[in-house]
Amino acid sequence: MSATTTGVSTAAVAGAGGVDPETPVRAARRSRGWWRWVVFAVLGLYFLVPLAASVWFTVRDRARGGVSADVYAGIPTAEGFAENFGRSLALGALTVLIALLLMVPTVVLVELRLPRLRPLVELLTLVPLLLPPIALVVGVRSVLAWAPEYFFRTPLAEAFFALQEPALPWILVLVYVVLALPFVYRALDAGVRGAQLRTLTEAARVLGASWPRVMLTVVLPVLRTSVLNAAFLTLALVLGEFTVANILGFETFPTWIVRISGSQPQLSVAVSVLSLLLTWALLLLISALDRRRREEDPA
Amino acid sequence: MEPGDLRLSTATVPAAPASRRGRRRGGLLPALGLLPFLLYIAVFLLLPVGVLAVEAFRAVDPVTFEESWSTANLGTVTGGAYARAYLGSLRLSAITAVLGAVLGLALAFAIVTSRRGRLLRRLVLTASGVLANFGGVPLAFAFLATIGNAGVVTALLTGPLGLDGFSLYSMAGLAVVYLYFLVPLMVLTIIPAIEALRPQWREAADVLGASGWQYWRHVGGPVLAPPVLGATMLLFASAFAAYATAKALVGSSVPLVTLQIADSLSSNVVVGAENLGKALALGMVVLVGLVMVFYTWVQRRTSRWLA
Numbered sequence: 001m002s003a004t005t006t007g008v009s010t011a012a013v014a015g016a017g018g019v020d021p022e023t024p025v026r027a028a029r030r031s032r033g034w035w036r037w038v039v040f041a042v043l044g045l046y047f048l049v050p051l052a053a054s055v056w057f058t059v060r061d062r063a064r065g066g067v068s069a070d071v072y073a074g075i076p077t078a079e080g081f082a083e084n085f086g087r088s089l090a091l092g093a094l095t096v097l098i099a100l101l102l103m104v105p106t107v108v109l110v111e112l113r114l115p116r117l118r119p120l121v122e123l124l125t126l127v128p129l130l131l132p133p134i135a136l137v138v139g140v141r142s143v144l145a146w147a148p149e150y151f152f153r154t155p156l157a158e159a160f161f162a163l164q165e166p167a168l169p170w171i172l173v174l175v176y177v178v179l180a181l182p183f184v185y186r187a188l189d190a191g192v193r194g195a196q197l198r199t200l201t202e203a204a205r206v207l208g209a210s211w212p213r214v215m216l217t218v219v220l221p222v223l224r225t226s227v228l229n230a231a232f233l234t235l236a237l238v239l240g241e242f243t244v245a246n247i248l249g250f251e252t253f254p255t256w257i258v259r260i261s262g263s264q265p266q267l268s269v270a271v272s273v274l275s276l277l278l279t280w281a282l283l284l285l286i287s288a289l290d291r292r293r294r295e296e297d298p299a
Numbered sequence: 001m002e003p004g005d006l007r008l009s010t011a012t013v014p015a016a017p018a019s020r021r022g023r024r025r026g027g028l029l030p031a032l033g034l035l036p037f038l039l040y041i042a043v044f045l046l047l048p049v050g051v052l053a054v055e056a057f058r059a060v061d062p063v064t065f066e067e068s069w070s071t072a073n074l075g076t077v078t079g080g081a082y083a084r085a086y087l088g089s090l091r092l093s094a095i096t097a098v099l100g101a102v103l104g105l106a107l108a109f110a111i112v113t114s115r116r117g118r119l120l121r122r123l124v125l126t127a128s129g130v131l132a133n134f135g136g137v138p139l140a141f142a143f144l145a146t147i148g149n150a151g152v153v154t155a156l157l158t159g160p161l162g163l164d165g166f167s168l169y170s171m172a173g174l175a176v177v178y179l180y181f182l183v184p185l186m187v188l189t190i191i192p193a194i195e196a197l198r199p200q201w202r203e204a205a206d207v208l209g210a211s212g213w214q215y216w217r218h219v220g221g222p223v224l225a226p227p228v229l230g231a232t233m234l235l236f237a238s239a240f241a242a243y244a245t246a247k248a249l250v251g252s253s254v255p256l257v258t259l260q261i262a263d264s265l266s267s268n269v270v271v272g273a274e275n276l277g278k279a280l281a282l283g284m285v286v287l288v289g290l291v292m293v294f295y296t297w298v299q300r301r302t303s304r305w306l307a
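Protein chains in written order, with UniProt numbering: chain U, 1 to 299; chain G, 1 to 307.
Mixed in with the good hints there might be a few duds.
[To be verified] Here chain G is said to cover these stretches of chain U; the calculated rule only asks that three of the stretch's residues, wherever they fall, bring their Cβ under 8 Å from a Cβ of chain G:
no. : stretch
1   : 36-44
2   : 96-107
3   : 130-139
4   : 166-179
5   : 237-244
6   : 249-262
7   : 274-280
Calculated directly from the structure, the hints in this document are not laboratory data. Virtual Cβ for every residue (Gly too), placed ideally from N, Cα, C.
Isolated chain U, as found in the complex (with noise of 0.2 Å):
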């Protein structure tokens, strides 16, 4: 227990600033820091391994030995590949977009003029966190076997047929904007808070800016790195998503990658770590820009 005292006294005061307190205790409890390198020992391999173990799967060469990057030099014209990518990154704009339509206005909104309303807001978009999304999807699924049992001949059944155009199911876009609604909400709702958004707004109105303008000038230049990271999440929960694709029949990036897994063992795992890669880049990338930000106004 006390190894792990001397992580939170350390913790704390980096957290306070990084300002080192001469005290004495400090001193002696730094020498018992080695449970924190067994810690990082210990899960830095069970979390390199994999990925390591996977890329050399996909470049060693079985058949005369050596090392080579064909199977990624493969990618780009392997069979699926670019139609279902294509299709996934569709979607994936698609839900960015109805997600910050959806999203920004009614967190604004209820930072600005419904603060009472937070606590429901907050309780419905934590809802699809924890809702099993295989049950969602039974459910939606039941839904949309409404339209040739019921509603079979009117406008409503086309509209549902409509929306199960397997080119570009548009069903999975409402689907997923509801999966993505925890990530949304409480990256636009940090931004909102870190923002002081009611002084900013009350300014521009009373200088005699109309709501509109006031959204467009000040409250999304304000949002903008809280936006980016939404929009970036959902983005890479689209690309990654399996469940509901493969319960609604859809074929998108995921599930294509699942249906060659069989036949081409390599080229699967190739495509697997490299989207890995790929968002953790992005995500790092996104991250750096928060802080330069964050650094050129500390507001």
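Since the structure of chain U is already known, use the hints to place chain G on it.
The following block gives chain G in isolation, referenced to the frame of chain U:
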């Protein structure tokens, strides 16, 4: 002017009438602004779950193909292979949630307390974000390449070392893979709580002569307990709902509810299997709901204990 108005205008000095009128007019309009969000939630979240709750009680007669109200689905779902699937899912999620919480807590402490940790912190946090939320299918394949039948590490272990007996395509194998996204999820959710521990509390405890154990027993532990519990519950829900990883890894050879649901939906053989899938899904919602109720109960007890 009425006395009431006068009192009000003295309380909030000059702009009282204007702001009051503004608030009254604005009371309805902003609430209308929330309508798109509420409608969206109603149609795409509440309606599907509601339909699930109704249609799970519909059964199809295997001879006449007529639909009627019945609790037969629920009876089927709570017995035999389906009950085993529920138990398997519950056990796997409970074990991995607790393990993930312990390991994640250790990693979170290690990151927060490392002295030159800014770059490390950013690397670990962003990697956690990727693994915790978007891993699913890619994770399964990374592990297949590592310790699957043709995996790189499998060859190392079984060849020169002669180790045998561990199979990735089992409950234990699934647990190993699940931890790969549960530990990062724990790190992400618990780091803010650890950072909220004030250094002054620790200093005050030190000055008053408390030992490390006493600090954790009376200060740090009670403060961290509710968020740790909440995060563990999130891990449980996440493991319980996991489908992509299991599907990509083991097909349907391991008894898990999510796999059973997918099986019953794709079955053309059994009449009314579709409704059975709905009943299974409804069972999942109910179980997650029960865990939530338990969680709020424990949360309330701990907060009373703190007070």
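For each hint, the structure was consulted:
{"no.": "1", "hint": "36-44", "result": "holds (count 4)"}
{"no.": "2", "hint": "96-107", "result": "holds (count 4)"}
{"no.": "3", "hint": "130-139", "result": "holds (count 10)"}
{"no.": "4", "hint": "166-179", "result": "holds (count 4)"}
{"no.": "5", "hint": "237-244", "result": "holds (count 6)"}
{"no.": "6", "hint": "249-262", "result": "holds (count 4)"}
{"no.": "7", "hint": "274-280", "result": "holds (count 4)"}
The structure agrees with every numbered hint stated previously.
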